Amino acid sequence: MKRLVVVGNGMAGVACVEHILKRNPDFEITIFGDETHVNYNRIMLSLVLAGEKSADEIVLNDVEWYRSNNIRARLGVKISGIDRAARTVIDEEGLAAPYDKLILATGSSAFIPPIPGVDKENVHVFRTLDDTHALLAKARKGLKTVVIGGGLLGLEAARGLQVRGCEVTVIHLAESLMERQLDATGGEYLKRRIERLGIQVLLPRKTAALFGNGHVDGLRFATGEELEAELVVIAAGIKPNAELARKAGLEVNRGIVVNDFMETSDPDIFAVGECTEHRGQTFGLVAPLFDQARVLAATVTENRGPVFSATAPAAKLKIMGVDIFSAGSIDENEPGVEVVRYEDPALGAYKKLLIKDNRLHGMILVGDVEDEHIYMDWMRSGTDLAPLRRQLLFPPPVDAGLEVADMPDSETICGCNGVRKGDIIQAIHKYGIVTMGQLKERTRASTSCGTCASLCQKLLRAVAPDFEEETKTSLCACVPFSYERLREIVRAQKLKSVQEVLTVYGNRKGCEVCKPALSYMLDMLWCGDHEEDRSARFINDRVHANIQKDGTFSVIPRMRGGVTSPDELRRIADVADKYSIPMVKVTGSQRIDLLGVKKADLPLVWRDLGMASGQAYTRGVRMVKTCVGTEFCRYGVQDSTNTGIELERRLENLFTPHKFKMGVVGCPRNCAEATVKDLGFVGQDGSWQVVVGGAAGKSVRKADLLVTVETTEEALEAGELFFQYYRENGNYLERSYDFVERLGMEKIRKETVYASEGEKRNLLDRLRRSKELSRDAWLERDRPSNPTQFVQIEVIEGQLV
Amino acid sequence: MTSQRVWTKITHVENIPPREGRPVRIGNLEIAIFNLNGRFLTIENACPHKGGPLCDGIVTGTSVVCPLHGRHFDLETGMPVRASEPSCLAVFPTRVENGIIFVDIDL
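First to last, the protein sequences are chains A and B.
The letter at position 126 of the first sequence is residue 125 when you use numbering that gives the first Met the number 0, and the numbering goes up by one with no holes.
The letter at position 68 of the second sequence is residue 67 when you use numbering that gives the first Met the number 0, and the numbering goes up by one with no holes.
Hints listed in this document are in silico derivations from the structure and should not be mistaken for laboratory results.
Since the model is a prediction, treat every value here as computed from it, not as a measurement.
Please note that the accuracy of each hint is not assured.
[To be verified] Pairs of lysine-lysine, PhoX-like flavour, derived with a Cα cap of 25 Å:
1. 52/A x 508/A
2. 508/A x 493/A
3. 140/A x 77/A
4. 697/A x 49/B
5. 429/A x 439/A
6. 493/A x 49/B
7. 52/A x 749/A
8. 8/B x 548/A
9. 548/A x 52/A
One chain only, chain A, in its complex shape (with noise of 0.2 Å):
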C-alpha cells in the first residue's frame, strides 16, 4: 500500500481526499493539519463571528469521517521541511513522516501589510476558527473597532462585530470598497448598504501606523490623520503559503507552480488550493479550488486525464440583507464587450451586465441579485443572448420545473463543491432523500455559500416523489422573507425596532400587515429590550382597547378564571354610572364588558377601576375559562377553578402570534368548554389531561391531546411549554389550531413535552423572562407611551389671515 500524504487540512486538501477515496485507492492516507480543528467551512467564518452559526455547524468532516475512511489526522503538527530525497516530511519536532505521494494543500495566510505597529496587542486577523474566537474574546459594546480592507472577507468582519456591539468604521485603501469585484457605482451603493447598518466607511484611506502602548489606540494615515481603535482587524487580502515548497526547492512563484495536471515540478509531489499558482493565476474563492480538488484526484490516483482550468471567478457577500454578487470579468474597457445597466437608486438596486459577442461576460448585482442563477447559468452555458436582448435585466422567471429538466446532467449545480445535476438526481434515488437536509448531508450540495439552495430544491421538488416542501410562507410583500427567515434574521442580526427590519430588509414603508408582524416578533424575541414602535401598532395595541364601528372603544378588565368579587363588581358600575358608559355586557368568556367608551376617557376608566387589562382587545392571553370544579361541584375532580387562576396568572400580559383562549374544567362534562379552546386542561379522577389547537369560532375544532400528567404543576408546566412553543414558532396571525395541523402533533410533543430536559429549560426560561418583563398595559393610564395619545388636541387658535 502506498502512503499519501496531504499537508493541509483545509477545504480544498480535504475535498482533494474525498475525491480521492471515490476512486477506491490503494493508499494509506496521512493529513497533517496545523490547525487543532478538523476540516470546517472557511466560507462561514464571517456567520460565526456573526452567531449565525455556531463552530461545530461549520464543520465539514468531523472526527468520525477521518476514523471511518482510516485516515490518520494528525492535527495541530505544522510540517516544517520537505527532504525529497528520502521523501519525509518533517514535522517542527524534528519527527519525519515518509510518503510515496504528497499533496501540498497548505493553503494561504492573511497578507499584514508593512505598517509600523501591527505587531500591537489587539490587533487581529481574521483567516481561521482560532482567529475568529480570538476576535469573539475581544468583542463588546460599544468597543471602538477599525477594520482595514473593505473586501469581501473585510467586510463580513465588520458586520459580524458590529453585530457583537461593537462600533466598526472600515477603512479601505482604494476608492470604493469591493473594487475587485464591483465598478465605483456598484462600490458606492454597496457602501451606502453598509452604512446603513450602523458601520462608517472611510474611502480611500492609507494607514501609516497603528500607534499605541503596546495595544493599539489608534490609526494614523498618511495624511497625518488620526482615528482612534481599541481593535484592528486586518483583512487587507491573503498570500499564498508556498514557503514550505519554497524551501524543499520545488518551483515557486507566488504561489507554488502547478500544470493543468496539478503537479509541481517534483514528479510525486503534488499541489491543491490558495497556496498553488496555475497559468499565472492564485486563487481565493472557493469555486475553482474544488475543481482543482477533483482535477488532482484524478491525477494522484493515476487516472491522469483531467485538466484544470481557472473558470470566471463568482463572489458573493454574505451579509444578510446586503445583497452583492459579482461573477465573470467587470472590465468594461475590455475590447469588444458591451454593458447593460440598471440602476434604480430608492431601491438601491444596481445591475450591470457585461456582453462580449452576444455572451454573457461577466455581472454586478447589487441590492437585486434574485436572477444570478439565471446569469450564472447564462454565463456558464455560453447561451446566445441575441434573442433575449429585450429581457437582459429582468429575465423571464423561468419554470422551475423546467429549468431544472432542461439542464444536461453534467451541469454543475453547486458550484462551490462541484455537484453535478446527474449527482444529486443519483443521491435522491440511491438514498430515498425527500428533504433539503438530506440532500445537503448526502451531496454537500448549496452547504457553502448556500446560492444554489433554490435550485437543489427545485431539483429536489422535480425528482423525489415523496419531496417534502419545508412550509414558507412569506409574510408580506414589504418584506419578502419567510417567517422562520424573518425570526432568523431577526435574531441573528439583533434589530431592534420594526423601522430598522423595514429599512434593512424590507422597502422601507411596510403596511397593515407587516407592521403590527413584526412589532410582534420583536416583543417576542427580544421580551421589551426593543424599541416598540406604537406607529407600528393597531389602534388596539396603541390605546389597549378594542375599537367599535363608532370609534369609541370597549374596556374589558381581567378577571382571571371569571372569578370576581362584590367589591370589583361596584367599581364596574360605578366606572359604568360616571361615564355614561352605554352598555355592560358578560361575554362569553366569563368577562364583563363596559362598551362604548370613549378614547380620551380610556385612562380615567381604568383607573377607576383599579384592575388590570384583560387583553381582550390583542392578538396575546386572553383568559382563562373555569368551572368550579372541587371547591363547589359535586362532581369535580379537580381544583379547576384555582388551577385556571394560576394559569392565566402564568401567562397573562403576554402576546402570541394571534389570540390564545384557555379553559380549565374540573371533569370530563366540559361544563367550561376546554377542548375547543387553544389550550384546555381537563380535570380527570388523579390527572389532567393537557390538550391543545381547539376552536369555537371561525373554525370549530377539538383540541389534541399533548399529554396526561399527575399533577398540577406537571399541567401548567406542559401547558407552558406549548405556550411559549406556539410563541416562538407560530407565524403571526396563525391561530393555535393551524398551529397544530401545520406541525403535526407528534412533532410539537417530541418538542415541548417530551422534548430533552435541557430543551424544556431553554423554552421555560425564555417564557419567564418574557413574562418578568411584561406588564399590565392599563399602568399607562399614568404613563403614556405618547403624552397625546389619549388627549384630544385642542387648537392653539383659530383663523389667522
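Knowing the structure of chain A, use the given hints to seat chain B on it.
Coordinates of chain B only, in the frame set by chain A:
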C-alpha cells in the same frame, strides 16, 4: 391674483408622533393630521365607507389604512389606493412654521 389662504394655527409638531395621526376638531369638522417623519399632511377624519376614524389607522408610506375595515387612502391626494374602493377624502393644505402646524381650512 393669489388666493388668500386662511390658516388655522393647530398645534406643536411634537404633539403628533412620527407615522401616526391625531384628530383635531374645528367647529363641526374633524380633521386628522399625520406626521410622515417630519412632513405633515391633513385629511378629513371620517372614512367615506363607514365613518371610521382614519387618525387611528396604520400609516404605510404616504397612505393610511382605516382601522375599521382596512380601506386605504393616499394622504397627499385623498384618493383611494385601491380602484375597487371608489370614494375619496378631502385634503387640507398644511404647513409648518417655527414648529407649529398650520392647516388651511376653507370653511
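Hint by hint, where does the structure go against what was stated? Just the numbers, ascending.
1, 3, 6, 8 and 9
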